[in-house]
Amino acid sequence: MMQHGLLALGAGLAVGLGAIGTGFAQARIGAAAMAAIAEKPELTGRAILMVAIPETMIILGFAVAAMIIVLL
Amino acid sequence: MPELRLELDRAAGGELALDELSTPPEAEPPVLMRNRRLARPFEFLVRFLDLPRAGTLDPTVLMALFLPLMVGVMVGDVVYGTLLFVIALFVRRRFAGDSAAVRDLSRVFVSGALSAIVFGVLFGEALGDVGHKLGLPALWSYRGGAHAVQPLLLFSLALGAAHVVLGQLLGLWQSASAGRTVELVNRFGSLLALGGVVALAGVAASRVPGGMLAAFIAGGVVAVGLVLLIAGRGALGFLMGPLELVGTLGNVLSYLRLAAVGLASTYLAMIANELSVLGPIWLGVFIGLFFHSLNLGLASFSPMIQALRLHYVEFFSKFYEGGGQPFRPFGARVTP
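In the order they appear, the protein sequences are chains B and X. Counting from 1 along the first sequence, just add 26 to a position and that's the residue number in our numbering. Counting from 1 along the second sequence, just add 31 to a position and that's the residue number in our numbering.
Just chain B, same shape as in the assembly (with noise of 0.2 angstroms):
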């Protein structure tokens, strides 16, 4: 029982730690695309990509979390 609240704890804690850094990034690359976009619309769709560039680190953290629940 007091394994599996650890392998909870750690999937848990995969997937927000990675949720972190995904927002700390996606906040400053956001901000910058507003500017952006402000001065050039046409950017809209390039600047969506660059906001959808650090998901991966959320993927990944949820690929652990994923694993831990399934393999472990």
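Any given hint might turn out to be false.
[Stated by the list, open to error] As a list, the in silico DMTMM-like pairs of lysine to aspartate or glutamate whose alpha-carbon atoms are at most 25 angstroms apart:
(1) Lys66(B) - Asp135(X)
(2) Lys164(X) - Glu305(X)
(3) Lys66(B) - Asp81(X)
Keep in mind the hints are simulated off the structure, nothing from the lab. Quick caveat: nothing in here was measured; it's all calculated off a predicted structure.
Chain B is fixed; fit chain X onto it per the hints.
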């Protein structure tokens, strides 16, 4: 050109002075996308990123194929799919008017909603676990159960690998037809290395027969791919080649979001159901309505954004060349 001259000559009644101007070699011809009727609404989403450069591939048809598929995997609920379908039709009827963007987007949403209904039948989901409790059978795998995570994860990864490899093949075609040899070799190396890594993963999970020998061959393929990735880039290649392989693997892993967003949507719906049976019935109906409409709002927005991102970042980065000049026909529209 001679026919045009003849035609103009006849139209002018034989009094024609025609002067041919040579276009400067660096001038790029403008771009107009042309697709079949069903794929045409998706042109808007391609243009949203950038217009393809003249003479390069237009990915609209592939987007029309894969985007609804991905949205369907993520929503995957009969009732939510039906509601999204009705909302999209209503928006089109009510607000489309003369806005081409709203018309195209609502068509995209209709296709996504239809696919969500299909996946809802496959997952046996209607309003979360309500369908499951009423005895709706899951044709493939019910997402609310404990054993649902693994097949969903594997399916996402397989779809991701297929999508990325398709992008890489298009990239190969693009480099070959433009005659860029170094890029062709690098892209081929990237494809080989990705295939080798997938084979290694298969051996590690003992899904591929052959044991050590298979692992050795797969490792060799990865090595050859890496060499091709490094080749022709000079000293920088030793840094960029392996980095690109890691990036490609990250691209495939990124498709795990299909499973993640889908599971989150399912569990939100299940929580809404469980909260609504806690209190008296009038409060339960109110709470259920509130949380389900919240989840429906998320389902109408988040899967589309995620699927778009998978296309723009993971798929297009393998072959797409933007920066085309939009085609604007001569003349002006006469408004009646």
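Tested hints:
no., hint, result
1, Lys66(B) - Asp135(X), "holds, 23 angstroms"
2, Lys164(X) - Glu305(X), "holds, 12 angstroms"
3, Lys66(B) - Asp81(X), "holds, 14 angstroms"
Every hint from the earlier list agrees with this structure, and none is contradicted.
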